[in-house]
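There are 2 protein chains.
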Amino acid sequence: MSNKFRNQEANAHGHGYLPGLAIDAVIFGFHDNQLKVLLLTYKNTGLFALPGGFVHDTEDVNEAARRVLFDRTGLTNIFLDQFYVFGDKSRHDTAPLKAIMAVRGVTPPDDHWLLKRFVSVGYYALVDFTKAIPTPDSISDSCDWFGLDNLPELMQDHNLIIKKALETLQANLDQKLIGFNLLTDDFTMGDLQSLYETILNKKLIRAAFQRKILGLGILERTAKKWTGGAHKAPYLYRFISEK
Amino acid sequence: MSNKFRNQEANAHGHGYLPGLAIDAVIFGFHDNQLKVLLLTYKNTGLFALPGGFVHDTEDVNEAARRVLFDRTGLTNIFLDQFYVFGDKSRHDTAPLKAIMAVRGVTPPDDHWLLKRFVSVGYYALVDFTKAIPTPDSISDSCDWFGLDNLPELMQDHNLIIKKALETLQANLDQKLIGFNLLTDDFTMGDLQSLYETILNKKLIRAAFQRKILGLGILERTAKKWTGGAHKAPYLYRFISEK
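Those sequence lines, one after another, are chains P and U.
Under the working numbering, the residue at position 198 of the first sequence is numbered 197, and the numbers go up by one with no gaps.
Under the working numbering, the residue at position 38 of the second sequence is numbered 37, and the numbers go up by one with no gaps.
By construction, these hints were calculated from the structure, which means they are not laboratory data.
Errors might be hidden in some of the hints.
Chain copies aren't distinguished; within one or between two, either way the pair holds.
To be verified - Pairs of lysine-lysine, DSS-like flavour, derived with a Cα cap of 30 Å: (1) Lys163 / Lys175; (2) Lys211 / Lys35; (3) Lys202 / Lys115; (4) Lys201 / Lys175; (5) Lys211 / Lys97; (6) Lys175 / Lys211; (7) Lys115 / Lys97; (8) Lys115 / Lys88; (9) Lys201 / Lys163; (10) Lys175 / Lys202; (11) Lys42 / Lys201; (12) Lys35 / Lys201.
Working from the sequences, and respecting the hints, build out all of it.
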């Protein structure tokens with residue numbers, strides 16, 4: 000929702016934007032065995048929301064999503080994909096929008112375009128959260144990483160959107176592995192197992208994990224890691240670039 | 000597109016529908032080792048299109064998709080899922096819409112709602128095509144199954160939509176198997192292999208296929224098929240209902 004109100008409050012008709020269509024971005028952050036999600040807080044309302052926005056009538060829907068990701072994190076060239084369209088009529092709830100506008104001293108007319116029913120295209124991304132620069136927009140007072148075990152109650156159906164995004168992230172993780180580009184440098188099998196365990200939120204058996212991953216044929220072994228204790232040094236791997 | 004124009008041509012503002020949002024349904028039909036897709040032909044225009052429609056402001060987007068599927072096939076309780084949102088600005092092409100309306104003697108004003116930019120939510124389903132009753136709408140003169148190897152050129156980006164739907168259907172077929180509900184009665188391993196081979200459009204090795212499928216743990220063996228030549232009779236299987 001971050002950009003949704005910037006420069007648009009005076010425009011009750013939403014000219015320049017596709018009507019009734021929003022984007023919500025579930026930006027997962029991973030680092031050091033932690034998985035988090037990026038959330039905005041709206042000033043003086045106690046409302047939490049996913050970053051999001053609207054689609055300019057001169058841009059593709061996917062472009063709008065990349066713009067939202069960049070505006071909130073400074074990141075580009077990140078795997079970002081649609082995962083679901085949230086289009087139930089029951090999600091039409093004008094109360095939070097009115098509250099956010101009220102804090103800014105705006106009382107919108109009943110036919111204000113932002114109060115109409117919106118269908119939202121959900122996108123998800125997975126980034127190294129130490130590389131992102133969380134950036135609130137002009138009407139939110141913070142943009143922060145929240146642990147998935149510790150989410151606040153979010154506005155509208157945003158908790159559901161995160162749940163569905165997490166299921167999408169967890170499903171067929173093997174096939175997404177390279178695209179996420181999270182482990183760009185050489186890594187150990189242990190690093191990769193930690194990534195899996197964090198995303199799947201469960202412990203995996205080391206031997207079975209290694210056998211499965213090597214069976215995918217997407218890794219190549221590079222060199223021994225030097226740790227000082229040579230007999231314990233694990234192998235290093237990298238993704239085969241041409242797969 | 001099937002229902003898109005019914006009862007709406009006189010309504011240049013599209014009241015009662017969500018603005019700028021369409022649904023396109025890729026309905027795959029399977030039977031006897033053939034995979035087809037359902038297409039409409041628009042009268043006297045030579046235009047082919049996917050079945051589709053718009054979303055009433057009183058219904059969920061997913062409900063609208065089920066309505067389209069029912070209207071065009073008579074089928075309910077079918078696995079039907081979103082697979083992608085087609086939202087590029089380049090897909091805005093008013094020529095085919097104007098041609099379809101022109102055949103009906105309608106010259107729409109330039110600001111007619113149907114001539115605005117639409118974002119389309121793509122849905123796909125897989126049905127037994129012998130159980131569907133293809134039903135054209137009031138302005139198409141036919142609704143027919145077309146072989147995937149033999150598709151006509153479709154309006155707008157509908158060929159691309161089919162391509163993407165097919166990729167979705169082919170990916171992770173194992174996980175979709177039960178949901179499709181295509182093999183409801185007992186079936187042989189050969190029946191199942193034929194289904195896979197047809198959808199994936201390639202031959203599979205029998206022993207490897209059987210090993211993989213049984214490894215999924217979703218089948219149970221029922222009884223020997225009686226064919227008259229008992230020593231050749233294949234086993235029958237069914238899906239384990241509680242998985």
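Which numbered conditions among the earlier hints are violated in the structure presented, ordered from lowest to highest?
-> 3, 5, 11
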